Amino acid sequence: MTDVTAAAGDVVELELPARPEVVSVARLVIGALVAVDPLFDEERCADLRLAVSEACTNAIQAEMVGRGRDAVADPEAEPIVMRCVLADGQIEVAITDHGGGFDPSGLQEHPEVTSPDRLNYEGGLGIPLITMLADHLEFLPTADGTTVVMRFEPRTPGLRPIIGGAPGSAGSSTG
Amino acid sequence: MATSASGVTFERDGGRLTIRIAGDLDAATVPDALRQVMGALEGQVDGIVVDLSRCGFCDSSGIMLLFRVSGAAEANGATCVVTDPTGPVRKVLELADPNGVLVVEPRQPGG
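Going down the list, the sequences are from chains U and Z. Numbering-wise (the numbering used here), the first sequence opens with residue 1 and increments by one. Numbering-wise (the numbering used here), the second sequence opens with residue 1001 and increments by one.
In isolation and in its complexed conformation, chain U is listed as follows (with noise of 0.2 Å):
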């Protein structure tokens, strides 16, 4: 595990190229920050580091979609930014990209999880997933695209099932 001395108050902020292969590095980093504070236990670490991979990845391919697929190998491409905030026994954190701006409300097209349908769609279990995992969830529009911010507070929630669960229904706001 990576070393990592942060307390409450800190801010850690990451700047990642908008490429699949740099969410694995996402995870790594929310993952020895939250093994910091022993009010997260080992289960709820799993959490962040799932609604971390499932924000980036949605970040990315929102800079894929925003930009064209070509565009994310660019080196003059804008990076998403990871910004964690640790502060009063919770865990907050943003990612922001430049893809051109999300509409969550979107996401209530795709069939349910049960239909069989819903194979043909290759995404759509991100922000469902985000909601059951995080204490909060907004989504803040920006000049040229959006930052999600997600709060995560030690207990483990209890758990929400996707079926019937709209996306941001769960102390959350969309904007």
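Because the hints were derived from the structure by calculation, they are not lab data. Any given hint could be a false lead.
What the hints assert, rightly or not - Computed footprint of chain Z on chain U; a stretch qualifies when at least three of its residues, placed anywhere within it, have a C-beta under 8 Å from a C-beta of chain Z: (1) 23 to 31; (2) 39 to 51; (3) 79 to 91.
To be verified - Computed from the model, here is a short list of chain U residues facing chain Z with C-beta under 7 Å: (4) P20; (5) E54; (6) T142.
None of these values were measured; they are calculated from a predicted model. We treat Cβ as the ideally placed atom computed from N, Cα and C, and that holds for glycine.
Start from chain U and add chain Z according to the hints.
Frame of chain U; chain Z shown alone:
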């Protein structure tokens, strides 16, 4: 730079195909893993076992891979069982597939 890594290996025993996935299943690794897996399904297969005992991380990209394998198996009249997921992977399966579309079992004897 550290990157995700996954390894996919296959074992055939008659009509039974065992797919062993090691490492991480995420946006970086799933495209290649999916190509390998779907290629392996082109032959005659009666039953598929997806062994996740060495898969340390799986996000929605990996879940979609498992849905793809399960759907392909069903379309060909084959069975598909996901075996021995590690703790974090099992939790993702429970969250993303609450109605049990995927058949998940502990490690099979001799598996």
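Each hint, compared with the structure:
With 5 residues having a beta carbon nearer than 8 Å to a beta carbon of chain Z, the stretch 23 to 31 of chain U meets the requirement of three or more and the stated coverage holds. Residues of the stretch 39 to 51 of chain U with a Cβ under 8 Å from some Cβ of chain Z number 4, which satisfies the need for three, so the listed coverage holds. Coverage of a stretch by a chain is defined here by at least three residues with a beta carbon nearer than 8 Å to that chain's beta carbons; for the stretch 79 to 91 of chain U and chain Z the count is 0, and the condition is violated. Because the beta carbon of P20 (chain U) sits about 4 Å from the nearest beta carbon in chain Z, less than 7 Å, this interface hint is met.
A least Cβ separation of about 6 Å between E54 (chain U) and chain Z falls short of the 7 Å threshold, and the interface hint therefore holds. Taken as an interface hint, T142 (chain U) does not check out: its beta carbon lies about 22 Å from the nearest beta carbon of chain Z, beyond 7 Å.
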